[in-house]
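Given chain A's structure and the hints, the job is docking chain B onto it.
Number of protein chains: 2
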Amino acid sequence: MPDLRKDPIVGRWVIIATSRAKRPHDFDTTPQRQKGRFCPFCEGNEDKTPNEIIAYRRPGSVPNRPGWRVRVVPNKYPALEIEGDLNKRGEGIYDMMRGVGAHEVIIECPQHLISTSELSEEQLREVLWVYRDRLVDLKRDRRLVYGMVFKNVGAAAGASLEHTHSQLIVTPIVPINVWEEMTGSLEFYNYRGRCIYCDMIQQELATEKRVVLDTPLFLAFCPFASRFPFETWVLPKSHSSHFENIQKNGVDDLSGVLRQVIAKIEAALGQPAYNYIIHTAPFDTQELSHYHWHIEIMPSLTKAAGFEWGTGFYINPVPPEDAAAFLREVELEAQEPQSISLRQTG
Amino acid sequence: MPDLRKDPIVGRWVIIATSRAKRPHDFDTTPQRQKGRFCPFCEGNEDKTPNEIIAYRRPGSVPNRPGWRVRVVPNKYPALEIEGDLNKRGEGIYDMMRGVGAHEVIIECPQHLISTSELSEEQLREVLWVYRDRLVDLKRDRRLVYGMVFKNVGAAAGASLEHTHSQLIVTPIVPINVWEEMTGSLEFYNYRGRCIYCDMIQQELATEKRVVLDTPLFLAFCPFASRFPFETWVLPKSHSSHFENIQKNGVDDLSGVLRQVIAKIEAALGQPAYNYIIHTAPFDTQELSHYHWHIEIMPSLTKAAGFEWGTGFYINPVPPEDAAAFLREVELEAQEPQSISLRQTG
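Chains as they are written, first to last, in my numbering: chain A, 1 to 346; chain B, 1 to 346.
No lab work stands behind these hints: they were computed from the structure.
Which copy is meant is left open, because identical chains are indistinguishable; a pair holds if it fits in one copy or across any two.
Only pairs whose alpha carbons sit at most 25 angstroms apart, straight line, appear in this in silico DSS-like list of lysine-lysine:
#, residue 1, residue 2
1, K88, K209
2, K76, K139
3, K209, K6
4, K6, K88
5, K6, K139
So here's chain A without its partners, still in its complex pose:
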């Protein structure tokens, strides 16, 4: 008999339908590596992207030339544009504003690597730092209220370029899913006086069955109402609403957690396409007692159907308890801190 489970934060129901279950290896993951194609993100091809906004580079090296480790450039086909005013206006019952905002690309390494799991921990740390630096810089712009960091890996997850990169979209409004998380968690806070995410961490640690990885500062687990098979969330164990307020110890720990969780998902499922997204509080708020930043990692295993878009209802054939048990048991190759490489790409 399938289960119906409610996401306690936003109230979204998910059908956990084991009758539709497939074994992990039954999923069609078909990683498509485009060996040999020209890559505008590789070191040496800096002139094929717009001019860099910021880069972490070797002392003495020149902007838009080799010598960088992480590099941020404007998206060549931006969904939002940084110039101009919002010009908020109505048209009968409709509301609109100009698409003012930022759309940046974070090129995560100079080599042609493909997944977060292939970065060294030191590289991933710099990626996390540059996320933070860009958020801190952009939140000074009073027209903008939200910064969304996300990453698509693999064509099935919406990536158009293979070279490992993230994107940052900064908007003049709060995305509705974050808004719903904030509303839901505020309601819980008003009723119980506690952060619902903190409660979730406590409960997951107590029951253990959905835990994937537990480190001093972070917890990775498959959420109770997982929308997608092997969906995994990473939360800081200490309450914090804004990702950009992360401490150095946090970055050091998180880089290991994120890398290991993704490596486990890839080892378990045969390197599927995936997305991750950082949910954090809006720019224009101080530290919030009810909201808790986190990273949602979503492997692209199930075919997207309009049904999900049309209903907000998800059918997930893999119970999160099974997914977590599977991921816990995945053994990664012996790790040499800061230089692990699970696979080599040419």
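Relative to chain A, chain B alone:
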């Protein structure tokens, strides 16, 4: 400069980013017709599906044998199961219940046709009638509160079988997207005393620029805050909250509208995969003044990315005004009522 547009009903914002626009024929639509494969939905193969729940058949023909025109069977891999009680329960902060409900398949014709546009108007009318008959029957079950009719055409839209069919999922809870529509439209009603969908129809008819098709009883238009390129909604012009209360005149008109709109989308875009979904009021309500049933048609042109799932934010490269103008201008082949065939399948 891109536009940010707000869906007036649920408050979801959409980025209309013409800078990312592609011409309609640039989309990768790749229709994949599986000629020659065995089809369990074709007439003569009735023993390859679970026993039928209802069928419209030739007088004297026998259930689960040839002679039917439209046939409804339980889904072989159901997301929900009809037997048992809900057993609502908690687990710490989490809520769950058993996955009680119905998951049925509506086989829309005995021949191996693929899209709604290939059905005759008479066939499509019977499909609409059987949607209604199933909803009316299932709403007598007091454990169930919502019936969702949807249709996936093409692998990219989540269809696993080619033979044209719809699905009905009946759930013990209201899907969150419908809930948000109901909440949003109730708020509007409380403030203005009018149905927001009725207002939308008036405004669309007045400005005309997003109208695709206007008939005596129905209006088809590309919504102001379209999430997807060429997304099209079909609304009854007279206020009505429950699809299953549709009048015979309505069915007669709607079958033509739905068929033509889908044929136009297919002619314009080269037979893309698509979904449609009927949003109607929950079972356990009387006629509602603030809610208005409608059909949402969503071509699968853009690659699904976790970004959309993670944010509820959509980036649409085609302004709905352009899409509607394009669809208005599409000429369909001369129609012989009740026997039109836009393309022949073997």
